[in-house]
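**Student:** Protein sequence lines, in the order shown, are assigned to chains A and B. Each step along the first sequence adds one to the number in this note's numbering, with nothing skipped, and position 210 is 210. Each step along the second sequence adds one to the number in this note's numbering, with nothing skipped, and position 96 is 96.
Among these hints, one or two may not hold up.
[Unchecked claim] Okay, derived cross-link-like pairs now, BS3-like style, lysine-lysine, Cα gap no bigger than 30 Å in a straight line:
#, chain 1, residue 1, chain 2, residue 2
1, B, LYS56, B, LYS233
2, A, LYS238, A, LYS248
3, A, LYS249, B, LYS59
4, A, LYS195, B, LYS57
5, A, LYS249, B, LYS233
6, A, LYS56, B, LYS56
7, A, LYS243, B, LYS58
8, A, LYS249, B, LYS248
9, A, LYS249, B, LYS243
10, A, LYS248, B, LYS233
11, A, LYS195, B, LYS243
12, B, LYS16, A, LYS195
13, B, LYS195, B, LYS216
14, A, LYS243, B, LYS243
15, A, LYS238, B, LYS248
16, A, LYS57, B, LYS195
17, B, LYS238, A, LYS248
18, A, LYS195, B, LYS248
19, A, LYS249, B, LYS249
20, B, LYS16, B, LYS203
21, B, LYS16, B, LYS58
22, B, LYS238, A, LYS243
23, A, LYS248, B, LYS243
24, A, LYS243, B, LYS216
25, B, LYS249, A, LYS238
26, B, LYS249, A, LYS59
27, A, LYS248, B, LYS195
28, A, LYS52, B, LYS195
Bear in mind the hints are in silico, worked out from the structure with no lab data behind them. In this text, all values refer to a predicted model and were calculated from it rather than measured experimentally.
2 protein chains.
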Amino acid sequence: MNPTIETILQHRSIRKFEDRPLSDEQIRTIVECAQAASTSSFIQAYSIIGVKDKEKKKKLAELAGNQSYVEHSGHFFVFCADLHRHEQIGEMEGTDVSGSLESMEKFMVAVIDASLAAQNASLAAESMGLGICYIGGIRNNMEQVTELLGIPSHAMPLFGLAVGYPAQQTDVKPRLPFEHVYQEDTYNTDETSYKEQLEDYNKTTSAYYHARTGGKRADTWSSQMANMLREPKRTGMKEFVEKQGLAKK
Amino acid sequence: MNPTIETILQHRSIRKFEDRPLSDEQIRTIVECAQAASTSSFIQAYSIIGVKDKEKKKKLAELAGNQSYVEHSGHFFVFCADLHRHEQIGEMEGTDVSGSLESMEKFMVAVIDASLAAQNASLAAESMGLGICYIGGIRNNMEQVTELLGIPSHAMPLFGLAVGYPAQQTDVKPRLPFEHVYQEDTYNTDETSYKEQLEDYNKTTSAYYHARTGGKRADTWSSQMANMLREPKRTGMKEFVEKQGLAKK
Numbered sequence: 001m002n003p004t005i006e007t008i009l010q011h012r013s014i015r016k017f018e019d020r021p022l023s024d025e026q027i028r029t030i031v032e033c034a035q036a037a038s039t040s041s042f043i044q045a046y047s048i049i050g051v052k053d054k055e056k057k058k059k060l061a062e063l064a065g066n067q068s069y070v071e072h073s074g075h076f077f078v079f080c081a082d083l084h085r086h087e088q089i090g091e092m093e094g095t096d097v098s099g100s101l102e103s104m105e106k107f108m109v110a111v112i113d114a115s116l117a118a119q120n121a122s123l124a125a126e127s128m129g130l131g132i133c134y135i136g137g138i139r140n141n142m143e144q145v146t147e148l149l150g151i152p153s154h155a156m157p158l159f160g161l162a163v164g165y166p167a168q169q170t171d172v173k174p175r176l177p178f179e180h181v182y183q184e185d186t187y188n189t190d191e192t193s194y195k196e197q198l199e200d201y202n203k204t205t206s207a208y209y210h211a212r213t214g215g216k217r218a219d220t221w222s223s224q225m226a227n228m229l230r231e232p233k234r235t236g237m238k239e240f241v242e243k244q245g246l247a248k249k
Numbered sequence: 001m002n003p004t005i006e007t008i009l010q011h012r013s014i015r016k017f018e019d020r021p022l023s024d025e026q027i028r029t030i031v032e033c034a035q036a037a038s039t040s041s042f043i044q045a046y047s048i049i050g051v052k053d054k055e056k057k058k059k060l061a062e063l064a065g066n067q068s069y070v071e072h073s074g075h076f077f078v079f080c081a082d083l084h085r086h087e088q089i090g091e092m093e094g095t096d097v098s099g100s101l102e103s104m105e106k107f108m109v110a111v112i113d114a115s116l117a118a119q120n121a122s123l124a125a126e127s128m129g130l131g132i133c134y135i136g137g138i139r140n141n142m143e144q145v146t147e148l149l150g151i152p153s154h155a156m157p158l159f160g161l162a163v164g165y166p167a168q169q170t171d172v173k174p175r176l177p178f179e180h181v182y183q184e185d186t187y188n189t190d191e192t193s194y195k196e197q198l199e200d201y202n203k204t205t206s207a208y209y210h211a212r213t214g215g216k217r218a219d220t221w222s223s224q225m226a227n228m229l230r231e232p233k234r235t236g237m238k239e240f241v242e243k244q245g246l247a248k249k
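Excised from the complex, chain A in its bound form (with noise of 0.2 Å):
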């Protein structure tokens, strides 16, 4: 096993952090890494806000639904989905994009975009000794979250990323099954396999969950996954991506 896959296998969510900023150099290591993620024909369609405000941290925290390590972490990025530098260079080349920049598939890159770039940033961060935890929660108010950041047209954030010295130790959760989720040259439709292997890892989540919590939660995943799902959240992401002037067509 190499340092890279022994950085990777090791990540856990981190939700405390050392109240120890984290330095101009080690941030600009890790947006750097970020911009090294392969990009959909060199569209680069994503930008990162770094938020040092301490005011505009402790108010992206309540946004994000009172999650106290989005303020007191070493440094909050703002990942966000980036096709506004393109309308700008629409203007600049004389040239309507308009089309191609409202389109689904478009969206769907610059969402890809950020998301591999974001990935880049945690495991740089994570292989100098930090931890992360990514905040899909800045979407449960996107209206301010995107008034906050001063974010134009043709661009929205699409999560956080807390970043900082940890000053706790969390567990690595066990994940879906390899068979489950790795299937070899077509999907597996065949429901009774499918399903046994969702029951073998609820023994998995159960077991996890009643040994790290002394025998006081013992849920499965499925049962997990069926409470949060009940209910439809955020339920006004289409609009407001559209608003946004993103997946229009």
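Use these hints to put chain B onto chain A, whose structure you have.
**Tutor:** Relative to the frame of chain A, chain B by itself:
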């Protein structure tokens, strides 16, 4: 600079591979690394299909726009956004999860999850001395790719990942200026400095192409982008995504 950061910064896409398949052990390590990535609220909303069947690889190469390195890769992975298993979980748990599964929010979660996993897979492969290339081209023919791989409702292919032993040397491409991609506290909406950064980058890319092609080519990034974005591509994407039961509301 540690080995993980070194791996990250050395990335360049490889489009020519030795005729040498990946071992099952390599494939397993790559997938396990993919699975170790963060996942929104533990939802694990993606699947990976590894294509070994020679006829299918050939067909996928055609469907991706005759990209021969899809066929002649050491292994070809297809990363899928996948909420199909959550549909099955809804059945198992007797819970109506359809509203969640059809939401734009959960579509974004699935695309982000799949992308984080793919970037882990890419870095794991690169750290082992393998080369990679993301293949967005499979989105040229979504219906056929989906049918060929038997991908069910609430799931869809997003991109391929060709992996193999490199049979070419390529350069690291210069990225957008750090200051353009990374901003502090607020998005840079000062049009003058914003466009100056793009002009600077045009000089960088122009010099890069000039050097690489012995003076035959010296196009700027903004002209490349304007040309690429002039005509919308993959215009049926929104209909396709919605037909799969995703991003409908």
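**Student:** Would you mind marking each hint as holding or not holding in the structure?
**Tutor:** Against the structure, the hints:
no.: 1; hint: B:LYS56 to B:LYS233; in the structure: 24 Å, holds
no.: 2; hint: A:LYS238 to A:LYS248; in the structure: 9 Å, holds
no.: 3; hint: A:LYS249 to B:LYS59; in the structure: 28 Å, holds
no.: 4; hint: A:LYS195 to B:LYS57; in the structure: 28 Å, holds
no.: 5; hint: A:LYS249 to B:LYS233; in the structure: 11 Å, holds
no.: 6; hint: A:LYS56 to B:LYS56; in the structure: 51 Å, violated
no.: 7; hint: A:LYS243 to B:LYS58; in the structure: 41 Å, violated
no.: 8; hint: A:LYS249 to B:LYS248; in the structure: 12 Å, holds
no.: 9; hint: A:LYS249 to B:LYS243; in the structure: 14 Å, holds
no.: 10; hint: A:LYS248 to B:LYS233; in the structure: 14 Å, holds
no.: 11; hint: A:LYS195 to B:LYS243; in the structure: 24 Å, holds
no.: 12; hint: B:LYS16 to A:LYS195; in the structure: 39 Å, violated
no.: 13; hint: B:LYS195 to B:LYS216; in the structure: 26 Å, holds
no.: 14; hint: A:LYS243 to B:LYS243; in the structure: 22 Å, holds
no.: 15; hint: A:LYS238 to B:LYS248; in the structure: 8 Å, holds
no.: 16; hint: A:LYS57 to B:LYS195; in the structure: 28 Å, holds
no.: 17; hint: B:LYS238 to A:LYS248; in the structure: 8 Å, holds
no.: 18; hint: A:LYS195 to B:LYS248; in the structure: 26 Å, holds
no.: 19; hint: A:LYS249 to B:LYS249; in the structure: 14 Å, holds
no.: 20; hint: B:LYS16 to B:LYS203; in the structure: 29 Å, holds
no.: 21; hint: B:LYS16 to B:LYS58; in the structure: 15 Å, holds
no.: 22; hint: B:LYS238 to A:LYS243; in the structure: 16 Å, holds
no.: 23; hint: A:LYS248 to B:LYS243; in the structure: 16 Å, holds
no.: 24; hint: A:LYS243 to B:LYS216; in the structure: 42 Å, violated
no.: 25; hint: B:LYS249 to A:LYS238; in the structure: 6 Å, holds
no.: 26; hint: B:LYS249 to A:LYS59; in the structure: 28 Å, holds
no.: 27; hint: A:LYS248 to B:LYS195; in the structure: 26 Å, holds
no.: 28; hint: A:LYS52 to B:LYS195; in the structure: 25 Å, holds
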